[in-house]
Each structure stands twice: as C-alpha cells, then as structure tokens.
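**Student:** Going by UniProt numbering, the sequence shown opens with residue 1, and the numbers climb by one from there.
Note that these hints are calculated values from the structure, not bench results. A couple of the hints might just be wrong.
Below are the DMTMM-like pairs computed for lysine to aspartate or glutamate, each with C-alpha atoms no more than 25 angstroms apart in a straight line [claimed, not checked]:
hint, residue 1, residue 2
1, Lys357, Asp386
2, Lys73, Asp48
3, Lys452, Glu497
4, Lys452, Asp400
5, Lys442, Asp400
6, Lys568, Glu524
7, Lys452, Asp566
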Amino acid sequence: MKSIKSIIIINRGEIACRIIRTCKQLGIKSIAVFSDADQDALFVKQADEAYHLPGNQPADTYINVEKIVEIIKKSGADAIHPGYGFLSENADFAERCEAEGVTFIGPNGNAIRQMGSKSIAKKIMEEHQIPTIPGYNKDDQSIETLTQEALKVGFPLLLKASAGGGGKGMRIVNNESEIENAIEAAKRESKSAFGDDHLIIEKYIENARHIEFQIFGDKHGNVIHLLERECSIQRRYQKVLEESPSPVLSQAKREEMGEITCRVAKALNYDNAGTVEFVYSDKDESFYFLEVNTRLQVEHPVTEEITGLDLVKMQIDSAEGKALAIKQEDVKSSGYAMELRLYAEDASNNYIPATGKIELFELPKVDGLRIESGIESGSEISLFYDPMIAKIIVHGNTRDEAFRKMQYTLEHTKCLGVTTNQDFLLDLIKNDHVQSGDYHTKFLETSYSFEKASTDQYINEALIAVSAARYAERNKHNHSLIGWRNSFSQGQWDTFEINENQTKVNYRTVGKSLTYSIGESTYEVTVIGFENAQIHLIINSKKETYTVLHKDQTYFIQHPNFGSLDVKYVDRFPPKKQEKVEGGYTSPMPAEIIDIRVNVGDEVKEGQILIILSSMKMEIPVVADKDGVVEEIFVEKAQSIEADYLLLKIA
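Turn these sequences into a full structure, and let the hints guide you.
**Tutor:** Right, dumping it as structure tokens:
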C-alpha cells in the first residue's frame, strides 16, 4: 500500500480549489500548475506549491503531456489528480503516469479506454445483459449501410459520434429525408472534433430524463453506488441543474437501477470514482445505459451533501490501495441537495459568453449553502477557458426547502463586473414545471423561454439608486458642482442607458432629501449612507439597500427585486462613436481567431463561413450575410481580439 504525501493537480479553477481543500484536511501537500492567464488565480494562491505552464491554449498547457510530465518529475509529487475535463479521461496519460512511478488518482487505464468509445462501451454492456438503447453499433460505416440501419431503427433517431462527448457529432433525425445529410454532417463534425468519424445509431427517446448513479470502486474488487443524481435540465448537452434524490424515482426503481449500476462497475473492474449514466422514461419507467464517465463529475458535491461523504478523500484512499471503508448498506440519503452553475454569459442573448473582471463576488450566509469556486473579487474571466464562475449547492431537509434556500441565495448573490446567468438561474428554479419535477432533457428548448424580468418600477428604482450613488460620491468628495447646477435646489439630471434604451432621471434637493422624477413618476428619496458599494435609501417611505459599483462609465447594480443590471452613464457630450465600416464584419465578443476560411480576392456566397472564432471553449462561425468579394482581412490565425474588433471587409 502506497502512502500519498503530495498531489499535483493537473487542472484549474474551482475543481483545483476543491481538491486542494481535501489535501489540506488530510495533511497532503498540494501542487498546482498554471497557465499565463491563471497566474493570479485563486487555486494558485491556495496551493502549497505551483509551477508555470507557459502559454494559454490547453494544447500548450493543461493537456500538454510532455510538459506536464517534466513538471511532475520536477515537483517530486507522489500522485496526480486530473480533476475533470482536460486529461482526466485520457487512458494514455493515466498509464504514462503509472509508468513514471506517479499514482494516477482515477480508474485504471483499461476502464478509461473502454468507456472512451461509446461503441465499445455499448458492446461491453450488451455482453453483460445491461439494458442498452436499440440501434446500430457495428464497423460498417458506409453512408449506405448507416442509412439502411437508420431506417430499421425508425424515427426519431439519434446519431452519435462513437468517440464523442459534449454534443459534438450528435444529430437528432426526425424523418427519412434528413438522414443522409445528417449522417454526412455528423461524420464531418466527429472527424474534426475527435479524429474519428465512427457513428452509432440509437432510437431517440423523446422527453427522456437523464439520471446518473455515482459509482466507487477499490483495487480489491469492491464496488458500490452512492445513489443517483437527476441531471435532465440541460442546454446544448451541458447540465444546468442537478439534484438528488430524483423527483421521479420510486425506491424500488432506485434499487433496481443501483443494482445494475454496480454490475456495470464490476464488468469494468472499476477502481475509483465514476458515473454510470442512463436515459430514463418516466412514462413507463424504462431505462437504458448511456455511458460511463471515468472521472469525478462536476456535480459530485450533490452526492456529497446527501451522503456526508468526501469523494475526493475516497479517491485518494482508493489510489493508495485502501479497501472501501463503507458497504452498500451503509449508503444512506439524508435530505435533498441541488446544484446550479453560475456562468459568465448573457442568457438573454443566446448565452453568449462574457469576459472581464469580477469586481465584486459575495454570497449570503444560508444554512446548507455550499460554494465551489475558483473566483474571488478581482478575478478575471478570460476568453481561454470555460466561463464557469461557481457551482452553487444547497442542502435542505426536503426538496421544497432546498429550492427555497436556492432562490434566496440567488436573490442575494452579488456577482458584479461581468454579465452572468444569475437571473436565468433564478427564473429557472421559480418555474412551476421545474419546482414540480416535471421536466426532461429538451425542457429548455421546447418548454421554457427566458426573458429578464423587469418592470418600470424596478428599473426606475435601479436608476435612482445609481444616480443617488453618484450624488453621494460627489458630496463625499466635497465637489462644489452637483451635475450642471451651482445650486443644489435647482433641477439636475442624469441620463442612463440600459439595453440601448436611454432614460433621463431628473432630481432636485429639498432639504435633506431628493425629489426624483422619471417620466410621469415621482419619488421622495433620502440617502442614509453609502459605503463598501452599499447605498442605503428611503424611497417613498420604504428603506432599500442596493449594491452599486462602477467601472468607467458602466454601473453594476444588484437588488433582490430585479437581480443584477448593467447601467451605462451617458455623458452630456458623449464621444463620437466609431462609424461602422460598410461591408465590415466584427467580433461579437472577445475571442481568438481559430481559422480564416477565405483569402483577399475570394468570391463568397451568402451563408458561407468566413472566420471561426473561439471564446471560452465555444466556437463561433462568422458567416457572410450577402454575396461579395473579400476586400481586406484585418486578423490572423491565433490572434486574440476584443469585442467589436474589425475582422474583414467584403465589397
């Protein structure tokens, strides 16, 4: 049995912080690696030791095996923890670590390799009588054969890249006329993303649910499951909300699925943390094996909250060769837990990712609240990595209690400086279908739409708070001029812009109070105090506290009534905006140039892809909106650019 005294973490962000926390509790030295963009990150500060990986792209840093092996040797680490993503499910890397004499904290390389192929995984499950989705999973990959087999399966059906994940190489096909084009497109995407165009065909189960079971094994042949997580609310095949217990599983069905989960683990000789995922139909309670994730899951805190276990500690124990300390009958569920992922993205604009500095990050004190984050006030959200800010986890005695705690947490979380999906998450958990557990994997696409909740009253109060904060700040610095008037009692005004709509806010001082008028509405306002970004006001006899801070001309404001808003102060003599270049194409966000598909002088057609951008692991194609000829190109491959940067011009 090997004793682990130091662990190098080949990951970043919140999962690195999570692993470091358990290392400290166990008296294990934690070692981090970090890219250029992460040199000031929280996980680097928390680690006992850290090594620089020059560059920013994952290929140069967090998945650069040779560079990482050099650092592992230099650090003298006993073991490596890969977290999730990056190299966590790379069988070659796991075996390389073992060959270098460093313990890989994860399952054996063979299990990783087998489950890395959906085709092989499905064959193994069929051999062990595990229920699998009907379909085609053979070597003949000709378009003709795949088309014939698709017709046998029937519609709707699902095309899936055998080597894939994250929705790449995946197509839902609804009728015969779509099948050939869908196969060709799925093959191209799979080849591009994974270097392998092998597809499998499965019957598509409409309105299905996604239910997964946490598994754990040791090196002595023991395996257990740690109950289920419901992960059906997804967007672009990425999970948004996870909860446990599932709101639809009976105890009998839970035991049946748990028993099959353990059979899956035993078929793989599984020896660490993993997740067995199932497609489940609550119409007839049928379920089918989907895949095994051979790593620690993003949503593992949900399981930890209901079981009281530390899964990272269990991973380390298993890697050391210790037998499981608990048996299946010892695993009990206590209460309910749920997790939401706070992202830097604009949910009202097709979830476009955002970058920038988190000026303020604070969460309320709620019993049962747990935050997993690699972010603190002052942290930068860069364009190179996933834009997740934090995982927000709550535990309650009942499901209703957990939802109530989550709602309060989201209403009072202050994450200001960049656009986030906080308001979307709050709206989601207040949805009647979500609260009743009546949802499925296509819920967000077919049964839900998000519009940022706002009323004229709340918008007006937000603008008053910003204006009053400006007023209080000027008074604190004893500026003699307030607005444009020498006399406080004379009328003054501020102009603000929200979502490109400008509003004039008029105010005048009356004694120690301010009288505001916005349109036809008037408000009597008293400023009680303004410090630490908190402005305390009495508005029409009601005391309110708003969080207000600003960067340049933008004010970030938060209040439970309306969530968070970005408000732009409009100068009385604003600088002249740069005119748009006729025929010019600009970047919608900070990004990196991944590929340039055209050259100067090329004729292009409407709908043709011109340039491919990458921002926060998401690729964005820039498409021609008309026929024309490429006149100029202003960027080059691998260049990092800001939002609104001019990319090219078409005449």
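**Student:** Decide, hint by hint, whether the structure agrees.
**Tutor:** Here's how the hints hold up against the structure:
Annotation: proposed proximity of Lys357 to Asp386 holds, straight-line Cα distance about 15 angstroms (limit 25 angstroms). For the proposed pair Lys73 and Asp48, the alpha carbon gap of about 17 angstroms is at most 25 angstroms, so the pair holds. The suggested pairing of Lys452 with Glu497 holds, with an alpha-carbon distance near 16 angstroms, which does not exceed 25 angstroms. Of the supplied pair hints, the one linking Lys452 and Asp400 holds, its CA atoms being roughly 24 angstroms apart against a limit of 25 angstroms.
The suggested pairing of Lys442 with Asp400 holds, with an alpha-carbon distance near 23 angstroms, which does not exceed 25 angstroms. At roughly 23 angstroms between alpha-carbon atoms, Lys568 and Glu524 fall within 25 angstroms of each other, so this suggested pair holds. Restraint check for Lys452 and Asp566: satisfied, since their Cα atoms lie roughly 12 angstroms apart, inside the 25 angstroms limit.
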